[in-house]
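Visitor: In case you want the letters, here they are:
Number of protein chains: 2
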Amino acid sequence: MASNFVYNTRDIKFILKEWLPTEEIFAYPKYDGYYSKDDIDMFIDQFYKIAAEVIFPTDEDGEKNPVRFEDGKVIVPPTYPAVFKYIQENGWGSSNIEDTERVIPQILVCFINELMTAASTSFPGYIGLASGAANLIQTFGDQKLKDMFLPKMFNGDWGGTMALTEPTAGSDVGDILSKAYPTDDPRIYKIKGNKIFISAGDGNHAENIIHLYLARIEGAAPGSKGISLFVVPKYWVNEDGSLEDNDVHATGIEHKMGQHGYATVALSLGDENKCRGWLLGNPPDENGIGEGMAQMFQMMNEARQGVGVNSLGTTANAYWNAVNYARERVQGKLSTNPKAGRTQIINHEDVKRMLLVNKATLEAIRAMLAKCYYYIDVAHNDPDPDRRKWAHERIECLTPVCKAYPSDEAWTLIGESIQVHGGYGFTEDYVPAKAARDCKIYSLYEGTNFIQAQDLVGRKWSMKKGTVFANFLQDIADFIAANQGSGEFTKEFATLEKALTAYKEAQAAIFNYMKEGKAGMLQTFATRMQTATGQLYGAYCLLDQALIAKKRMAELGPDHYDYNFYYGKVLSCRFYVGNVLPKVWNTTDIVLYGDDSVVEAPSEIFDY
Amino acid sequence: MASNFVYNTRDIKFILKEWLPTEEIFAYPKYDGYYSKDDIDMFIDQFYKIAAEVIFPTDEDGEKNPVRFEDGKVIVPPTYPAVFKYIQENGWGSSNIEDTERVIPQILVCFINELMTAASTSFPGYIGLASGAANLIQTFGDQKLKDMFLPKMFNGDWGGTMALTEPTAGSDVGDILSKAYPTDDPRIYKIKGNKIFISAGDGNHAENIIHLYLARIEGAAPGSKGISLFVVPKYWVNEDGSLEDNDVHATGIEHKMGQHGYATVALSLGDENKCRGWLLGNPPDENGIGEGMAQMFQMMNEARQGVGVNSLGTTANAYWNAVNYARERVQGKLSTNPKAGRTQIINHEDVKRMLLVNKATLEAIRAMLAKCYYYIDVAHNDPDPDRRKWAHERIECLTPVCKAYPSDEAWTLIGESIQVHGGYGFTEDYVPAKAARDCKIYSLYEGTNFIQAQDLVGRKWSMKKGTVFANFLQDIADFIAANQGSGEFTKEFATLEKALTAYKEAQAAIFNYMKEGKAGMLQTFATRMQTATGQLYGAYCLLDQALIAKKRMAELGPDHYDYNFYYGKVLSCRFYVGNVLPKVWNTTDIVLYGDDSVVEAPSEIFDY
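Chains A and B, in that order, are what the protein sequence lines are.
The first sequence begins at 1 in my numbering and counts up by one.
The second sequence begins at 1 in my numbering and counts up by one.
Worth flagging that the hints you see were computed from the coordinates, not collected in a lab.
Be aware that a few hints might be false.
Identical copies carry no separate label here, and so any pair may be met within one copy or between two of them.
Each computed DSS-like pair below joins lysine-lysine, with the alpha-carbon atoms no more than 30 Å apart [what the hints assert, rightly or not]: (1) 504 <-> 144; (2) 504 <-> 583; (3) 333 <-> 192; (4) 465 <-> 192; (5) 179 <-> 333; (6) 550 <-> 30; (7) 583 <-> 491; (8) 515 <-> 339; (9) 498 <-> 518.
So that you can see chain A by itself, here it is in the shape it has in the complex:
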């Protein structure tokens, strides 16, 4: 069976209960004393049960009964509508956007989404897009729009989308051709345009789909600054709540390598000149500058963090499937003790290496994502404006890395999980083949990973004259200074320090190339520096966690049932620092070497 949900929540609970100061978050007035650290196990276990029992069946369904496009209609896999309704209605989905009642803290939403994706790669997008669309209405809509749309977007009656991409405008979203024309009502515009790649863009999972739609109001400025954002429902909502056709048409779905249950839809709006949308916020100013891109970007950051979480869930589920296979499969003899006879392959060093690079990297990724979501809670809720600013700046630095590093690693790590399965890994009888097919979109959507890298090295590195990023790195330096002399992990601390120094050297070298007029070098090394940022920050998080784990190991002793969890945390840290972190200074070596063949290469050489 190509679907198999095998997951362990122990690391999630460790993060929430032993690593991050979750109690600070729970104490914020918004959360109203509803959550406490003591309830975390129950909370996670409860959602794990939902993931396993309610959501997981959608995974196989999505493969066996992929999304279809028939007679102009998008038909989702049969199990999806009821599960969509269930998750939304029970408060695990879109109702958890900011400022709604009894909202679940973001630090917990992070792990709900991890478990949801692990249980089913295709399904959660329908929830995620509804949340994103609702969040925009919540943040930028007036009370009328909120009342009209949010209750039904929260309870699972209606879905939502982010409608950005057009055939000629992908990474280049400023070049969209969709147009909006004023009507007698200043809040309402006629919409005309085509969109492609609209995730959850149509389907029978919901009775209405609310598109958050980018278009240019006639006469507005060209490029991204002239764009406005509209609420364009598939069915227009009349004052009495009745629905009528709004001239929004699905024209096809993509045939994708994975995520076959997730509808990726092409849309045509206003073919009969009858499509209307509500403008979100204000019309373009006297210079033709609209608010659309800024509005969309708020949601984009959340979408990017979410992609990191999706990457984690998909990859970790493939990893634990590989662990299960490796425990059962008997093949070969131990290299260190061949006379003992055949053994489970989990005992072979190369298999352990492949599993450990998965385990360590996934724990590093889970840690950095958790930290990012922790900062989101602080940034949105802390009473102290300095702390909000502090958290917000950390989010700025972490967001591109939290999107790109997990989604880049997904491809490599799932490749290793396939490899653990031997020839069976190539078959669709085991999970990793599907996980590989499913995961490849993560490095591409919500801004390709190079768009993230440009954001990191082009914007975040130099934000506020570089102080924001310097502070971000200073956290690591402070951590080293505070703990280096403790006698624990001496080699690991020295290695982290070496990597941090090397990272700064690479930054300095790149800035120097720029000063020398070699402008293309920033772009040339951007992706690699993004990976290095993930490796550096990941090692920092794992070492921080290992300090706790080491202490717990000593307290518990080797016979305690939980000992191996903490032992595993220590080994994750040692492996990651000793095998992954050195790549940071190798990237520095490569930056310092400064090969400029990428910049120099004329496109003609690629004929050969």
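Put chain B on the given structure of chain A with help from the hints.
Guide: Only chain B this time, still in chain A's reference frame:
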């Protein structure tokens, strides 16, 4: 369309005409003066035409009409039988095994196979397996077997397989359960057993399938040394040439993530006790030692080199598809000149980086494979026994690397080709999605890439007290010494020397771990040292080629139509040396760091 054959043969011609001393090969008596360097363009162009016109249509056919298993029969895609016959009958396929008439030199067969795989990933296996099976009969069979089987295996009437794997015996082939029982005829045995994962294991592409089948003769020694090899035809061949049922049954096919046109078959033999096979070579000796594994291993080396070639063809076709897409797709502005307006994405640095890592790595791979096939021709044909030995020893060192490095890189490089396509890369409308699905088997079959790594570091490193591998590395040292002072590529030569020194340091450190009793460390670092070997040897080949290319650039001048090819060769070398080769000394850093968490890790930690 998910199939698209976009290929350029200029680098192949460069290798054959300007880099390797192909004339030496062509002068061997076996080739009978039939080939000359002057005919290379024609030869390659001719086969390119066949690849494009005859073979390429099988690629789409394999996706649209995948192999089916119906009523106990395996049905290949509709176009396959005629193309199989065409290729075989016209002498491009199995008739090119050693010692047949008018055989095509191996150095050319290498590129025939590259083009064949590039044009169609699934189809060439049917040819390749027939060749492998025929080669075993040719080498170890008596005249009777040769006469009975070879003519029809050469002309496309019959196919062939290597039937090794069983449900409980994959990497561990010595543990097969298939049995052979003597009959009245000492050459003929009754066969009973089950096999899985038999590529081209059945199908309507041929009227008979000749299985080269591993089984243990009753009473022979346990493990791999007791195994014998049998010629087991699907239909028994009577003395008069008529065929009769031989109790060989296909019981199913695998549902794979890619290569949907390629039959991966489960077989059951002797269900009715009527299956017979011809023993190849001699029965087990008085100690129960059979000849089967040694015989099979001869073919295994060729199969491994062939997998490297398949990896190259599949990956390079994805690369050139990405180049074509990047040339056409307009998106974004140049980072170095935004005012020039929107541009084709091939002009963006990160896209160029992704294309250049493909181009440079693929040229390094093509070079090392070509060298390996060159050595094969020398080893089999040179009149001087010292030269044959020399070439044979180089093949020993290169074979695991030529299998593993291309197949590991395939996954990463095709991932980059997907990335070049942006969101479209995730759709099956473009080639890279299919190439990714197709390529993943290469790292798994014919010995997983860890089996290759064990062969490299466990056997080849220490063969003849380490002298064989030392000589292999000495080629690189000699090359550096001979050219370092030329004034060309000073930085690149210094970098190659640094990497070579680092490689030896890593070897020494690993041997030292072994001496200290840390036996698991060899296994822990085996895969990474294999990759480092590919990187080191690849850089050596590219630098050797770049010396020629630089000279040609100067001779031709920038206006010559061929200038950009040579310029591209120089940039490939510069990029690879400056961006890939430094990973060799990073691997050394990691080896010297010597983290032993892999060895230490108990399997219980992977629960978490």
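Visitor: Run every hint past the structure and note whether it holds.
Guide: Results of checking the hints against the structure:
Taking CA atoms no more than 30 Å apart as the test, residue 504 paired with residue 144 passes in neither setting, with 50 Å inside one copy and 72 Å between copies. In this assembly of identical chains, the alpha carbons of residue 504 and residue 583 lie at most 30 Å apart whether taken from the same copy (14 Å) or from different copies (20 Å). Proximity of residue 333 to residue 192 under the C-alpha cut-off of 30 Å is restricted to the inter-copy arrangement: shortest distance 26 Å between copies versus 66 Å within a copy. Taking identical chains as interchangeable, the C-alpha atoms of residue 465 and residue 192 are never at most 30 Å apart, the minima being 42 Å within one chain and 76 Å between chains.
With identical chains, the CA atoms of residue 179 and residue 333 are at most 30 Å apart between copies only, with a shortest distance of 23 Å across copies and 67 Å within one. With identical chains, the CA atoms of residue 550 and residue 30 are never at most 30 Å apart, being 35 Å at best within one copy and 68 Å at best between copies. In the homo-oligomer, the alpha carbons of residue 583 and residue 491 lie at most 30 Å apart both inside one protomer (16 Å) and across protomers (22 Å), since each shortest distance falls under that limit. Taking the closest pair of Cα atoms, residue 515 and residue 339 come within 30 Å of each other only across two copies (20 Å); inside a single copy the shortest separation is 63 Å, beyond that limit.
When the C-alpha separation of residue 498 and residue 518 is checked against a cutoff of 30 Å, the pair qualifies both within a copy, at 27 Å, and between copies, at 27 Å.
Violation of the numbered hints given earlier is confined to hints 1, 4, 6; the remaining hints are satisfied by the structure.
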